[in-house]
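Residue numbers (numbering that gives the first Met the number 0), protein chains in the order written: chain R, 0 to 258; chain D, 0 to 158.
Just so you know, the hints here were simulated from the structure itself, not pulled from any lab data.
Glycine included, every Cβ here is placed at the ideal spot set by N, Cα and C.
All the pointers check out, no bait thrown in.
With the Cβ distance kept under 10 Å, some of the chain D side facing chain R (calculated, not the full set):
| no. | residue |
| --- | --- |
| 1 | K21 |
| 2 | F55 |
| 3 | L115 |
| 4 | Y133 |
Negatives, chain R to chain D, calculated, CB over 10 Å:
| no. | residue |
| --- | --- |
| 5 | S61 |
| 6 | L62 |
| 7 | E65 |
| 8 | I68 |
| 9 | L69 |
| 10 | I75 |
| 11 | L76 |
| 12 | R78 |
| 13 | Q136 |
| 14 | T177 |
| 15 | D201 |
| 16 | G205 |
| 17 | K207 |
| 18 | G212 |
| 19 | A227 |
So you can see what is in the structure, the chains are spelled out below.
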Amino acid sequence: MLKVRKSHLLISFLLIFLALFTLNSKKIATVSRNSLIDFNSAGLKALDGISKSVKRIAPFASLREENRILRARTEILTRRIHEAELFRYENERLRGLLDFKKTAPYTSVAAQVIGRDPTNWSNSLIIDKGLMHGVRQNMAILSPNGVVGRVLEIGRYSSKILLITDTNSKVGVVIERTREGGVLVGRPDGKCKMIYIALDSDVLPGDKVITAGLGSVFPKNIPVGEIAKVGKEPGRLYKYAIVKPAENLSRLEVVLCIK
Amino acid sequence: MLFTGVILEVTVLNRIEIFGAKPDILLLLTIFTGLFFGANKGFEAGMVSGFLYDIFTIDIFGINTLVYSLTGLLAGFLNTKFFKESRVMLLFLAFFTSLFSMTLHFLFAKFLSKSLYLNLSEYLKVSAVSIGVYTALASLIIFPPLLAFYRLNEDEDFL
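Chain D on its own, in the form it takes in the complex:
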């Protein structure tokens, strides 16, 4: 499922850009896995997603693996803290986790790349918040069928 997601993003979904933000299917899958299956599964899903991104992107190698793993872990931590059946709560959780993921990515990139001109406030202003909103709204469309799919195949390994 994660591999199909990254192939779709490289070839098709990249064309659906709104204000420079692209749909991040693997981030959504990582957040979903963490929120509904706990920290271990979230961490594993994040690690695979991040690694797949590291193969296809020009970014610092390994940075996506690290960021997505930690995002999955955070989503897993939130698993037991909030009532997930509420759509508003899911929207908020998806927004918060994706914002965390992007801020973490920025901080690691700033630490590892000396040539990065961007600063955090500018990054949040021009990009991260709009991506967070996009991801949160996309979660409303993507999470329900994923949940239904999981419930149908509850005995099998989801990923």
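Okay, chain R solo, but in the shape it has when bound:
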């Protein structure tokens, strides 16, 4: 049999269960985790600083840095062009049918990704902006190519982002071509699954998926991804679609928090 000290095991399990069930209560968890975010981000920022110093010493470092900045600017401009196209499309489609009110422009806070979730179960990011920079809980996080996720936990100087590929994430979406709605849930393999698609829907691989704008987190018509596969689960009354996110979430460096 196992040669494990019984008292040792008992105390450890008690501690684990205490942490698991007590800290999972919302108030204590929020206070302790928000403090931990800042504690972690200090270390991550220090590491980030060291890595940047090394890059500066290395040859061609300045060119690399300049290239990075130019790429980030290009990406932001691409996003703006895409947004403009989406607004124009929306206008053309609804003009004459509705007294369409143009969506209010939103302001954003740019943030750098300083850490990623180490586990294979969750998908999250840590960004270098927090309460002090105007970031608030449940703010939408976008990248130049589309939706990234939403703010889940906030510290004073950093925040944790729940990515759309996390198993706990749910986003209201529509298929751009057919305007059919559904719910996008995350999968642990880095893709998403759109559920509750009507059986008679003619959804096809390659169709673009955009945000529905329902709820108060994500603005309407932001690109989410592209349908890779369509199927029907046995015993269910709906179709599902596997969606490849518009943004490569494992390579993200800069994001926008939308107010």
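Since the structure of chain R is provided, determine the placement of chain D on it from the hints.
This is chain D only, laid out in the frame that chain R set:
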């Protein structure tokens, strides 16, 4: 060593993704400790690894501590049952223990989180098996130097 492992994962190793699977260094260290040092050490390594993950992840707080502790304990239980000098056996043990760890994680998450849409068969199909294979293959690279390091410092505390 475990703390260095988690820092590496948060900053660098997360970028090495194959089919959505990331290298789980702390799981490998937990399995290694259990397999080569027994249930007590495996349990302790698992507890520290899980706690470090709980700090950095957005998962249900405490779930990683619980899962990794039990994984270390299982690896420790397997310590006396199998011949560990065989690489094929180590590959199999690493695959089996990591699959156990992920299945356990899923079951606890399903029990604690009401909003989880995923079911076990889908989880195993899209994620757990590929992560298990990844972890097993990574064990072939990571275990030999760890073992050599341990044998060099046999008198000192490994962790």
